[in-house]
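Keeping the supplied structure of chain A fixed, place chains B and C upon it in accordance with the hints.
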Amino acid sequence: MGNWSRFNIASIVLGFGFLYLPIVLLVIFSFNESKLVTVWAGFSTKWYAQLWHNQALLDAAWVTIRVALISATCATVLGTLAALALVRYTRFRGRMLFSGMVYAPLVMPEVITGLSLLLLFVAIGLDRGFWTITLAHITFTMCFVAVVVQSRLLSFDQSIEEAALDLGATPVRTFFAITLPVIAPAVFSGWVLAFTLSLDDLVISSFTTGPGATTLPMKIYSQVRLGVTPEINAICTILIGIVAIGVIVASVVTKQREAQRERDERAAFAQ
Amino acid sequence: MARVASALFSRLVIIIPYAWLLFFFLIPFFIVFRISLSQTAVAMPPYTPVFDLFGGLSGIMEKAREFSLDNYVWLTEDVLYFNAYVSSVIIAGISTILTLMIAYPVAYGMAKAPKSIRPTLLMLVILPFWTSFLIRVYAWIAILKPEGLLNQFLMSINVIDQPLIILNTNWAIYIGIVYSYLPFMVLPIYSSLEKMDHTLTEAALDLGCTPFAAFWQVTFPLSLAGVVAGCLLVFIPAVGEFVIPDLLGGSETLMIGKTLWNEFNANRDWPVSSAVATILLLILVIPIVFFQNAQAKADGEGR
Amino acid sequence: MKSLGSIRRSFAPWADPASKPFISVKNVTKKFGDFTAVDDLSLNIYTREFFALLGASGCGKSTLLRMLAGFEQPTSGEIILDGQSLAGIPPYRRPVNMMFQSYALFPHMTVETNIAFGLKQDGMPKADIAERVGQMLKLVKLEKFAKRKPHQLSGGQRQRVALARSLAKRPKVLLLDEPLGALDKKLREETQFELMDLQQELGLTFVVVTHDQEEAMTMADRIAVMSHGKVVQVATPAEIYEAPNSRFVADFIGDVNIFDGAVSAAENGYLRIETGDGFPIRMASPEKPAVGAKAAVAIRPEKIRVTRQPPAHAPVNAVEGEIWDIGYLGDMTVFHIRLKDGRVVKASSLNAVRAVEDPFGYDQQVWISFGEDAGVVLKD
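Chains as they are written, first to last, in this note's numbering: chain A, 45 to 315; chain B, 15 to 317; chain C, -18 to 361.
Just to be clear, a hint being listed does not mean it is correct.
[Said to hold, decoys possible] DMTMM-like mimics (lysine to aspartate or glutamate), calculated; alpha carbons at most 20 Å apart, straight line:
1) C:Lys125 with A:Glu302
2) C:Lys107 with C:Glu124
3) C:Lys153 with A:Glu306
4) B:Lys129 with A:Glu206
5) A:Lys79 with B:Glu161
6) B:Lys129 with A:Glu306
7) C:Lys128 with A:Glu309
[Claimed, not checked] A few chain A residues that don't get close to chain B, going by computed Cβ distances all over 10 Å:
8) Ala105
9) Leu113
10) Gly123
11) Ser203
12) Pro229
13) Ser250
14) Tyr265
15) Ala311
I should point out that these hints are in silico values taken from the structure, not numbers from a laboratory. Because the structure is a prediction, the values reported are computed rather than measured. Idealized CB from N, CA, C, for every residue including glycine.
With the rest of the complex left out, here is chain A (with noise of 0.2 Å):
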């Protein structure tokens, strides 16, 4: 587009500093000495070191990891199933409402999600706790699966599932032996999302949650309402480690097979 001129780049440069610098101060003062966030005293790891002997805290890591696997698994296959009812059933009763469905909860303030599961799961008398937390995590995540899932739908050459009918193949089996591995990367996406989201959520999670299930980001609010401290620093730079390196291995791997495929579509053009 055109060319990229000097007033593009500036943008950019600050946008993205915007962006990063937070995130770059937090994770440079988790090294500090000084118990201090806002002033340099030098390195030092022992926060790092500190966090080991944190039984509470590695226990709410524990939870905050076992929901997000379990709700992440649940809300893909939920979520894909949804995004296949809106790309290929585009007339079926109650369609209307079910698009609502799917969309509203992205844009829904947590704090209504969560009291409307809370009062829910108190209505039907279901025990708080692990478990509920879980059950709501499903539903608001799966709703962010179903639309990477659709956006991969809609650019979907659908005259492969015919091809597959014509070849003989039942619908399911076309499913399961066309349909599922081509959208198999966006689906992976969509688990992605829907783990990092329950990873990260606190206020769906401190609603919903009973007795004896503590997850990391309510144990992280706790504290961080008694101060800032350089041993959360030590824990969000942790936390952003883990994602970054995730992201940058994905992305990395997906540049590199793109290129691999560039290379050989233009090998087999050349021939």
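Using the frame of chain A, we list chains B and C on its own:
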């Protein structure tokens, strides 16, 4: 046999997610509404049930007499709630405009970037979205504090000699919202700019437009769909935001998400918090429907 | 004996009342909401025929093909294949296969597994599948590419994989949806003949959908010209070109000049028509309309002669004009000649020699003329 399985399969594709969302998303709203009509009680759960879900019709008729609008009357009598709603909408609105003003040039620069580096830029915009919301808000506390990094920096270069008070003011909330929601604004605008045919701008220039006029008359109108989607993605959740006003805002900052949380957790008044949630939902229904229509339209174009 | 289009055909089951159609489309209508895509359409297609459905986009040809494949169900009417109604039979139970316009190759499978896909669905033993896949690869000359994935192939190779895959199950009928649409012109012309040879060799029935008239003319035994969900004419390519049954077909296939007028006399196989362009036409016609009836004469550009002097039969079948435009195409030259009343007539002449003594130039006064069987009289 296979045909029966196929018919069943296509039925289930719709029914399973539909039933899930009905039960876990839609029905809870009705429960919220019902409880907003009941009385506060010192018990667990802390409200008198308006009716038992399994109490049968006679139970419902009997309990119907106990419906009360007391909670809503309470909300209108206390000006605090009204102010909280208004200031939530105003804060969300100002933040949305600020986000747009920052996001548009970034998205525009990304769309004009050489094709080879666009995927990298896109990844860099999405990356913060994957990191915890809470962490990103927390990071700003250390920056905005009176003895924080921003003030240290500004004082060291002699721009100011008294620390600026930013934390615990509305400015901190604006910064927090803009920062947290920036990717939601950049992405839709970028995608609408990126798929735009750049020969359109060239045609406008060729027909005698200045670059500035070409931008306002051609590029910007064509990116409006992305702008609208981005604004709704920022505005709607921002109105009900809790974490940002709680951590960055001051005690006098009124935002309805925070009010609801306090009503629920501190005062344990479930019926009133349900009424607060019901009214918040009513305020947001119009932008949400707008958002859904925009989404459905975008899907239609993708076909 | 004179024959239209100067081709002798030995294969013509449609002309034989004793032969039974292999595919019979009976009064089929297909509606999408208010839109009628296919309108009360009937057709017969015979065994081993290469049949083309030709029409502009939106004429219903693809919908008809998709109903044959089973992706769409007729709103009313019936399709019979080999004596059996196809009503209610899903695509995966039909003995027909389709080659898709986009080729629809499975991106996550190799060439080999793409071709084997249909055979696996039938539960064919592994050894037989391998053998059949080998045959198919040989047939389309892709033995060396068996392990490649679709994105590692060129456009022409992908087209051949799609063909091999749809032929692997030995369907009774092969449906081809714009099979050559994605290829460049040169490759397309080569592939047209390859497809014809393949169809001959395998003895299959082919139904091809195309919007490219040249492609249909080259490959098909018969062409059905479609418009607005109806078949306008079904005939051999030569008949379609030389004896179109309507103004639509005459205009749709190739270039044509149409002279409108009224019949002034009809005698022993010839009509005399007074045209609105100020000259009479005498034209052979099997029909015998009433005197005074409206009629139009369609004459192809290559059947119009351009001369400096008026022909002997002038003013019948001849009129004076001025050369308005000349287009040199290499193999032939196209003239646009402007008559006195302002209408422009197209004439073309083959460039049989490299250099012409005293060629025509712009603005030159000339005569155009044609023979008494050069055109066809259209009723509407």
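Results for each hint:
1. About 24 Å separates the Cα atoms of C:Lys125 and A:Glu302, which puts this hinted pair outside 20 Å; it is violated.
2. Among the hinted pairs, C:Lys107 with C:Glu124 is consistent with the structure: their alpha-carbon atoms are about 18 Å apart, no more than 20 Å.
3. The straight-line distance between the Cα atoms of C:Lys153 and A:Glu306 is roughly 38 Å, outside the 20 Å bound, and the hint therefore fails.
4. Note on B:Lys129 and A:Glu206: the hinted pairing is violated, with a Cα-Cα distance of about 34 Å set against a maximum of 20 Å.
5. Restraint check for A:Lys79 and B:Glu161: the C-alpha separation of about 14 Å stays at or below 20 Å, so the hint holds.
6. Between B:Lys129 and A:Glu306 the CA atoms are separated by roughly 15 Å; this keeps the pair inside 20 Å, and the hint holds.
7. The hinted pair formed by C:Lys128 and A:Glu309 meets the criterion: a straight-line CA distance of about 15 Å does not exceed 20 Å.
8. With 10 Å as the threshold on Cβ separation, the claim that A:Ala105 sits away from chain B holds: the shortest Cβ distance comes to roughly 12 Å.
9. Taking the minimum C-beta to C-beta distance to chain B, about 17 Å, the non-interface status of A:Leu113 holds against the 10 Å cut.
10. Against chain B, the non-interface label of A:Gly123 is violated: not every CB pair exceeds 10 Å, the least being about 7 Å.
11. Every C-beta of chain B lies more than 10 Å from that of A:Ser203, the closest at about 14 Å, which supports listing it as non-interface.
12. No beta-carbon of chain B comes within 10 Å of the beta-carbon of A:Pro229; the shortest separation is about 15 Å.
13. Distance check on A:Ser250: its Cβ comes as close as 8 Å (rounded) to a Cβ of chain B, failing to clear the 10 Å threshold; non-interface status is violated.
14. With 10 Å as the threshold on Cβ separation, the claim that A:Tyr265 sits away from chain B is violated: the shortest Cβ distance comes to roughly 6 Å.
15. No beta-carbon of chain B comes within 10 Å of the beta-carbon of A:Ala311; the shortest separation is about 20 Å.
Violation of the numbered hints given earlier is confined to hints 1, 3, 4, 10, 13 and 14; the remaining hints are satisfied by the structure.
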